[in-house]
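Peer 1: Chain residues, written in single-letter form:
There are 2 protein chains.
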Amino acid sequence: MMSVLPPAEIGAPFSEIDTPALVIDLDAMERNMALMAERVKALGIRIRPHAKTHKSAIIAAKQVALGAVGVCCQKVAEAEALAAGGVRDILISNEVVGARKLRRLAALGRQIRIGVCVDEFAQIAALAEAARETGARIDVLVEIDVGGRRCGVAPGPEATRFAAEIARYDHLRFGGLQAYHGSAQHLRTPAERLAAIEAAQRAVTDTLGPLEAAGFTCDTIGGAGTGTFLIEGASGVWNELQAGSYIFMDADYAKNVSDEGGNAPRFEHALFVLATVMSATSEAQVVVDAGHKALSNDSGFPSVWLRPGLAYHRPSDEHGVITVAADAVKPAWGEKLLLVPGHCDPTVNLYDWYVGVRDFGTPRARVETVWPVDARGATS
Amino acid sequence: MMSVLPPAEIGAPFSEIDTPALVIDLDAMERNMALMAERVKALGIRIRPHAKTHKSAIIAAKQVALGAVGVCCQKVAEAEALAAGGVRDILISNEVVGARKLRRLAALGRQIRIGVCVDEFAQIAALAEAARETGARIDVLVEIDVGGRRCGVAPGPEATRFAAEIARYDHLRFGGLQAYHGSAQHLRTPAERLAAIEAAQRAVTDTLGPLEAAGFTCDTIGGAGTGTFLIEGASGVWNELQAGSYIFMDADYAKNVSDEGGNAPRFEHALFVLATVMSATSEAQVVVDAGHKALSNDSGFPSVWLRPGLAYHRPSDEHGVITVAADAVKPAWGEKLLLVPGHCDPTVNLYDWYVGVRDFGTPRARVETVWPVDARGATS
Numbered sequence: 001m002m003s004v005l006p007p008a009e010i011g012a013p014f015s016e017i018d019t020p021a022l023v024i025d026l027d028a029m030e031r032n033m034a035l036m037a038e039r040v041k042a043l044g045i046r047i048r049p050h051a052k053t054h055k056s057a058i059i060a061a062k063q064v065a066l067g068a069v070g071v072c073c074q075k076v077a078e079a080e081a082l083a084a085g086g087v088r089d090i091l092i093s094n095e096v097v098g099a100r101k102l103r104r105l106a107a108l109g110r111q112i113r114i115g116v117c118v119d120e121f122a123q124i125a126a127l128a129e130a131a132r133e134t135g136a137r138i139d140v141l142v143e144i145d146v147g148g149r150r151c152g153v154a155p156g157p158e159a160t161r162f163a164a165e166i167a168r169y170d171h172l173r174f175g176g177l178q179a180y181h182g183s184a185q186h187l188r189t190p191a192e193r194l195a196a197i198e199a200a201q202r203a204v205t206d207t208l209g210p211l212e213a214a215g216f217t218c219d220t221i222g223g224a225g226t227g228t229f230l231i232e233g234a235s236g237v238w239n240e241l242q243a244g245s246y247i248f249m250d251a252d253y254a255k256n257v258s259d260e261g262g263n264a265p266r267f268e269h270a271l272f273v274l275a276t277v278m279s280a281t282s283e284a285q286v287v288v289d290a291g292h293k294a295l296s297n298d299s300g301f302p303s304v305w306l307r308p309g310l311a312y313h314r315p316s317d318e319h320g321v322i323t324v325a326a327d328a329v330k331p332a333w334g335e336k337l338l339l340v341p342g343h344c345d346p347t348v349n350l351y352d353w354y355v356g357v358r359d360f361g362t363p364r365a366r367v368e369t370v371w372p373v374d375a376r377g378a379t380s
Numbered sequence: 001m002m003s004v005l006p007p008a009e010i011g012a013p014f015s016e017i018d019t020p021a022l023v024i025d026l027d028a029m030e031r032n033m034a035l036m037a038e039r040v041k042a043l044g045i046r047i048r049p050h051a052k053t054h055k056s057a058i059i060a061a062k063q064v065a066l067g068a069v070g071v072c073c074q075k076v077a078e079a080e081a082l083a084a085g086g087v088r089d090i091l092i093s094n095e096v097v098g099a100r101k102l103r104r105l106a107a108l109g110r111q112i113r114i115g116v117c118v119d120e121f122a123q124i125a126a127l128a129e130a131a132r133e134t135g136a137r138i139d140v141l142v143e144i145d146v147g148g149r150r151c152g153v154a155p156g157p158e159a160t161r162f163a164a165e166i167a168r169y170d171h172l173r174f175g176g177l178q179a180y181h182g183s184a185q186h187l188r189t190p191a192e193r194l195a196a197i198e199a200a201q202r203a204v205t206d207t208l209g210p211l212e213a214a215g216f217t218c219d220t221i222g223g224a225g226t227g228t229f230l231i232e233g234a235s236g237v238w239n240e241l242q243a244g245s246y247i248f249m250d251a252d253y254a255k256n257v258s259d260e261g262g263n264a265p266r267f268e269h270a271l272f273v274l275a276t277v278m279s280a281t282s283e284a285q286v287v288v289d290a291g292h293k294a295l296s297n298d299s300g301f302p303s304v305w306l307r308p309g310l311a312y313h314r315p316s317d318e319h320g321v322i323t324v325a326a327d328a329v330k331p332a333w334g335e336k337l338l339l340v341p342g343h344c345d346p347t348v349n350l351y352d353w354y355v356g357v358r359d360f361g362t363p364r365a366r367v368e369t370v371w372p373v374d375a376r377g378a379t380s
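Going down the list, the protein sequences come from chains A and B. Heads up, the first sequence is in this note's numbering, so the first residue is 1 and it goes up one at a time. Heads up, the second sequence is in this note's numbering, so the first residue is 1 and it goes up one at a time.
The following block holds chain A by itself, in its conformation from the complex (with noise of 0.2 Å):
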């Protein structure tokens, strides 16, 4: 709970950033995100990225000036961050259970334009009530299962009751359909990836049928990640999207096989682990100063940037275990790595700081910005 203290100071030289330290690329980062502004545009529809990503609220400006119409994001703690560093548009794409997170939410809802999901009965009226006491207006998703076997309501006639009870409240507003197929977005092949989206849209169009059938309109009709969103954003159902590691990339994306038709955006990574190898007494090994404390290893371990022969292994709290192969230049003692993350969203949330570099991976590099993980922390 001290403050911990940034790694780097601005205008510092990349060696003297310390470790371990969350390093961007900003020239990388900044790419990505041009070329997904690009990509929503030519497909006509909303893109409202996912802040639980980043969770920082310079970054969601960054896709607000791009074109984005808000952020999302999957706690209340998390909207409350960012709330206060500005952001004024925000869909909690989330279910919110317990009468101090209502309370939060709907305070949060006086300030800026909020949304949430449900997918319980019981908890409309609960929300109705907060958002009545507050005084607030709260916008409301139905949350649809479209594959991801977790939250949301059966696909079908479920949703239409949903809605007419939402209509019932003042401070309620139906805002339409949340329908995300998480673990879509990581099935390696196009073709994979393809069918579980179809079979997603037939989950939407099966509850849109009798929505609309009962007089209401979805505005929204939520979902997709970084892994599928070309595929609803084709699909003339979604109108909203919700990518958000497109921004970074991380190791378990790269093993995507990404070409739908050749016309998939080649996303570069563009967040790192700045790690220090820390000893070197074995031969065909060394250990690095980043461990399951400086790195979320649980979609696999990060890759060692532009360093063939070596991996990341045997990772404990504090370490990490470098192999190197028989061909490889063994990293010397003192020496830093950059690796890139398995999962790049829990890993953010271990940092307290971004460590912005311009000109990375050139003699020029050099921290450009220091900036607050927001919303590091805020689980709740």
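Each hint should be verified, as a subset may be incorrect.
Any copy will do: because identical chains look the same in the list, a pair fits if it lies in one copy or spans two.
What the hints assert, rightly or not - EDC-like, lysine to aspartate or glutamate: derived pairs with alpha carbons at most 20 Å apart:
hint, residue 1, residue 2
1, Lys255, Glu158
2, Lys41, Asp359
3, Lys62, Glu120
4, Lys41, Asp219
5, Lys330, Asp352
6, Lys330, Glu120
7, Lys41, Asp327
Hints in this document: simulated from the structure, not taken from any laboratory.
For this one, chain A is given, so just place chain B on it according to the hints.
Peer 2: Below, chain B without anything else, positioned relative to chain A:
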């Protein structure tokens, strides 16, 4: 980076704790601490518990009050946070590499008693220079690789060369050996753990021979963890135990077959992640609000406390799926469940606050304390 609100207030009933929350059963933790103090006293050696588990100056002070000589940390930033909270004697049981970190380490050496490990010859002069510039005195232990295949010099005469180099500098003091075998803690059978620590012991004695022949005394021969400390403690070789997890115990430790001749102390699970059922739309599963950002799943998923037939699966960043066996009671929507983390240390690092509960598990259960996780995120 915005301050994260504590999930409960002191005095609140258990039912009012917001989720996800890191909850301590204070009675169980105190029993664990008393049991370890009693065992260490019987062994007749010192304990310097590892604070990488709890990252809390308050808990460190309780350990010292029960006889600990100080604590271990893994990182300079961790030591800074605990020193700021009043801890007066810290061994960084790890290598510290980089000029900025060495300056901070030396600055700590002006305030408290500080020790650190080395396994690289060139590092000794760098440490001495930082200590000299600051006017600090630093104890330096030579780490030897006793089987963990991570950091450390090879057992045998190499450590003597290091001790002689350390002895050359006024501001450094040769403090002894760091001889920790991390992976041995989680070998499943007593026989496997015994064999690993016996091999580690041979590595230590192979190193002590040359050291003693050269006239060096080891004030400290440090090592051991919760899974093996009885073996090191009875060896006659180690004189300072570094166990840390015993205060909390995680789900992975519960998988160890724990019977060294019937003598093994029964440490209790004392740390939990409290989570809320936020979605319950499926028959045989519910979804809780604690995923990768609220639990470190590197050593297996959490178990669900006292709820047979419930199992945590398929975590995503902010969700965990709890499957419900056919003969088990399905948790209700909005119900709170206690999860025993698979791995306590990196899970603690995800939280800003501990919620300490007295009379845990009874109808009288109340929040007695809300403690900061002082060194949360202190990875540098």
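Peer 1: Decide, hint by hint, whether the structure agrees.
Peer 2: Hint by hint, here is what the structure shows:
no. : hint            : verdict
1   : Lys255 x Glu158 : neither (37 Å within a copy, 43 Å between copies)
2   : Lys41 x Asp359  : neither (28 Å within a copy, 58 Å between copies)
3   : Lys62 x Glu120  : neither (35 Å within a copy, 45 Å between copies)
4   : Lys41 x Asp219  : within (18 Å within a copy, 69 Å between copies)
5   : Lys330 x Asp352 : neither (31 Å within a copy, 38 Å between copies)
6   : Lys330 x Glu120 : between (55 Å within a copy, 16 Å between copies)
7   : Lys41 x Asp327  : neither (46 Å within a copy, 52 Å between copies)
In the structure shown, a violation is registered for the earlier hints numbered 1, 2, 3, 5 and 7, in ascending order.
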